[in-house]
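Colleague: Chains as they are written, first to last, in the UniProt record's numbering: chain P, 1 to 234; chain W, 1 to 234.
These are calculated hints, taken from the structure and not from any lab test.
A virtual CB, placed ideally from N, CA and C, is assigned to each residue, including glycine.
Heads up, some of the hints might be wrong.
[As the list claims (entries may be wrong)] For lysine to aspartate or glutamate, the following EDC-like pairs were computed, each having C-alpha atoms within a straight-line distance of at most 16 Å: (1) K29/P <-> D52/P; (2) K29/P <-> E18/W; (3) K174/P <-> E199/P; (4) K43/P <-> E60/P; (5) K29/W <-> E18/P; (6) K212/W <-> E188/W.
[Stated by the list, open to error] The calculated label-pair distances, taken between Cβ atoms and stated as ranges, are: (7) I59/W <-> S48/P: 37 to 43 Å; (8) G42/W <-> Q79/P: 51 to 57 Å; (9) K212/W <-> Q120/P: 26 to 32 Å; (10) Q58/W <-> S48/P: 32 to 38 Å; (11) L192/W <-> N190/P: 32 to 38 Å; (12) S165/W <-> Q79/P: 35 to 41 Å; (13) G138/W <-> T38/P: 24 to 30 Å; (14) N41/W <-> A187/P: 48 to 54 Å; (15) E60/P <-> G176/W: 44 to 50 Å; (16) Q58/W <-> A204/P: 29 to 35 Å; (17) T213/P <-> S3/W: 32 to 38 Å; (18) S3/W <-> P220/P: 38 to 44 Å; (19) L192/P <-> S165/W: 24 to 30 Å; (20) T89/W <-> P66/P: 53 to 59 Å.
[Unchecked claim] Partial chain W-side listing against chain P, Cβ under 10 Å, derived: (21) L19; (22) Y25; (23) A116; (24) E122; (25) V123; (26) M136; (27) T142; (28) D146; (29) I150; (30) M151; (31) P152; (32) T154; (33) D156; (34) Q166; (35) T202.
2 protein chains.
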Amino acid sequence: MSSTGRLYGLGIGPGDPELLTLKAYRILKQVPVIAYPTLENGKALARSIVADYIRTDQIEIPMPLPFSVERSSQPYYDQAAIKIAQHLTAGQDVAVLCEGDPMLYGTFMYLFNRLADQFQTEVVPGISSTFASAAMLGAPITYRNDVLSIMPATLDAETLRDRLSQVDSAIIIKLGRHFAKVKSILAELNLLDRARYIERATQANQQILDIKTVDPQAVPYWALILIPSQTQPQ
Amino acid sequence: MSSTGRLYGLGIGPGDPELLTLKAYRILKQVPVIAYPTLENGKALARSIVADYIRTDQIEIPMPLPFSVERSSQPYYDQAAIKIAQHLTAGQDVAVLCEGDPMLYGTFMYLFNRLADQFQTEVVPGISSTFASAAMLGAPITYRNDVLSIMPATLDAETLRDRLSQVDSAIIIKLGRHFAKVKSILAELNLLDRARYIERATQANQQILDIKTVDPQAVPYWALILIPSQTQPQ
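Construct the complete structure from the given sequences, taking the supplied hints into account.
Modeller: The following block contains the structure:
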């Protein structure tokens, strides 16, 4: 084991390059190999977040991943794991760049499940866009005995309605083309007045909009709705 | 406004000093005044996390806060806000140190509610112990359409049972003397085999224990139980 490389799942935060932790920054600077997911159009959000920190002599492994639910993602993850394993076996440390936190709805978890039993693995937590959004909105999320529910907008309407019908506070992520569905459920449950909308939290093009004025056709994947606690004790 | 100081809610993470963000580190280094909660015994976890980064010429405002639910905390927060406001009015920036993330069950939110409408305020998100625990446990939390519920163990048994009876994944925080109650509910709901226990995640004295061997009398406030997703797709 000692001559093989170490695998890092590196949480790099929601977008602002200053929201890397000191630890993620140190590891990013010292590893010889970095890997990161890329969209089909070649864009790589994770890489763009840390672009200023990457050295020219670092080996880069772009990992094309399917963001369409219609296709099985298994072969994509298998292939990425094989490439990463080659470097680890050759004794090189590899850092997988993870937007937000590696363990929450992340690409890294699929690599973790394939590689962590064969190679020394360290997960470095990152700032999640869920909580970063609360900071940007100036909206405390939960007080005292509140329960927080984090859920993806991709859930079917019935499940969303059921889960949202009893929340103290909630964060609904991955809005994209599911915005209209979510908005109508929030209206139904009298939650629309409490709902706060933010796109691309902490990124250079962050937008905070009144949820009632949002164009459903223009909502990106990286948008979320925060329903803060009503408790607000003194 | 321009001559008054700026208030920072500074997320400093769960314990490892390297889990500060680059941004929190920069602000901590540059502000003339820092404030942090202290327990009745004088201990200050937040200060101890960043002890190595504090300059000797920085003014420190310890904020004694009641951690007993029996007492009203309002006068404590009022008093802390008055002290902080004095420095802000005098044109000095003040950083309030927040364990974990400032907007999640945090002391800072009470100061935010008292001061943010009078002074320029910036909240810097921090690594929450909730997600950091998943990294330390090597346990992916949520996949795809999973809903994550974060809840305090201080809830009454009936509410806890109700909320836990339908979770995809859950994080139960603030265990302390509520451990036995939570464990028995998890057993009842057949969740005990999935439950992972961790104390003081990322702190120097972090402990990961088999939940079945934990001594209920020895569980600290900073302990939590993580119930990871069962989904685990390929």
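Colleague: Compare the structure with each hint and give your call.
Modeller: Going down the list of hints, with the structure as the test:
Proximity of K29/P to D52/P is assessed by CA-CA distance (about 11 Å); at most 16 Å being required, the pair is judged to hold. Restraint check for K29/P and E18/W: satisfied, since their Cα atoms lie roughly 14 Å apart, inside the 16 Å limit. Annotation: proposed proximity of K174/P to E199/P holds, straight-line Cα distance about 10 Å (limit 16 Å). Of the pairs offered as hints, the one joining K43/P and E60/P holds, with about 14 Å between alpha carbons and a cut-off of 16 Å not exceeded.
With a CA separation close to 14 Å, the supplied pair K29/W and E18/P stays within the 16 Å bound. A distance of roughly 14 Å separates the Cα atoms of K212/W and E188/W; the hinted pair therefore holds under the 16 Å criterion. The supplied range of 37 to 43 Å is met by I59/W and S48/P, whose beta-carbon atoms lie about 39 Å from each other. A hinted range of 51 to 57 Å for the beta carbons of G42/W and Q79/P is consistent with their spacing of about 56 Å.
In this structure the supplied range 26 to 32 Å holds for K212/W paired with Q120/P, their Cβ-Cβ distance being about 28 Å. Separation of Q58/W from S48/P is about 35 Å and conforms to the stated range, judged on CB atoms against 32 to 38 Å. Checked against the hint of 32 to 38 Å, the pair L192/W and N190/P passes, with Cβ atoms roughly 37 Å apart. Here the CB-CB span from S165/W to Q79/P is close to 40 Å, well matched to the stated 35 to 41 Å.
In this structure, G138/W and T38/P meet the distance hint of 24 to 30 Å, their C-beta atoms being roughly 26 Å apart. Distance hint check for N41/W and A187/P: the Cβ-Cβ separation is about 49 Å, which falls inside the suggested range of 48 to 54 Å. The hinted window of 44 to 50 Å between E60/P and G176/W holds, with their beta carbons roughly 46 Å apart. For the hinted restraint 29 to 35 Å between Q58/W and A204/P, the CB-CB distance of approximately 31 Å keeps it satisfied.
The hint said 32 to 38 Å for the Cβ distance between T213/P and S3/W, and at roughly 35 Å that hint holds. Between S3/W and P220/P the beta carbon distance is about 39 Å. The supplied range of 38 to 44 Å therefore holds. Taken as a hint, the range 24 to 30 Å holds for the pair L192/P and S165/W, whose Cβ atoms sit roughly 28 Å apart. In this structure, T89/W and P66/P meet the distance hint of 53 to 59 Å, their C-beta atoms being roughly 55 Å apart.
At about 5 Å, the closest approach between the beta carbon of L19/W and any beta carbon in chain P falls short of 10 Å, and the interface hint on this residue holds. The interface hint given for Y25/W holds, since its Cβ lies 6 Å from the closest Cβ of chain P, which is under the 10 Å cut-off. Nearest Cβ of chain P to the Cβ of A116/W: about 6 Å, under the 10 Å cut. The hint holds. Given hint, E122/W at the interface with chain P, holds; its Cβ is 8 Å from that chain's nearest Cβ, closer than 10 Å.
Proximity of V123/W to chain P holds as hinted, the smallest CB-CB distance being about 4 Å (cut-off 10 Å). The beta carbon of M136/W comes within 8 Å of a beta carbon in chain P, closer than 10 Å, and the hint placing it at the interface holds. At its closest, the beta carbon of T142/W sits 5 Å from a beta carbon of chain P; the interface hint therefore holds under the 10 Å criterion. Satisfaction of the interface hint for D146/W is found here, the shortest Cβ-Cβ separation to chain P being roughly 8 Å, below the 10 Å cut-off.
Because the smallest distance between the Cβ of I150/W and any Cβ of chain P comes to about 4 Å, under 10 Å, the interface hint for this residue holds. The closest approach between the C-beta of M151/W and any C-beta of chain P is roughly 4 Å, which is under the 10 Å cut-off, so the hint is satisfied. Proximity of P152/W to chain P holds as hinted, the smallest CB-CB distance being about 6 Å (cut-off 10 Å). Hint status for T154/W: holds, given a least beta-carbon distance of 6 Å to chain P, under 10 Å.
Because the beta carbon of D156/W sits about 9 Å from the nearest beta carbon in chain P, less than 10 Å, this interface hint is met. With a cut of 10 Å, the hint placing Q166/W at the interface with chain P holds, because the nearest CB-to-CB distance is about 8 Å. Taking 10 Å as the C-beta contact cut-off toward chain P, the hint placing T202/W at the interface holds, the least distance being around 8 Å.
In this structure, every one of the numbered hints holds.
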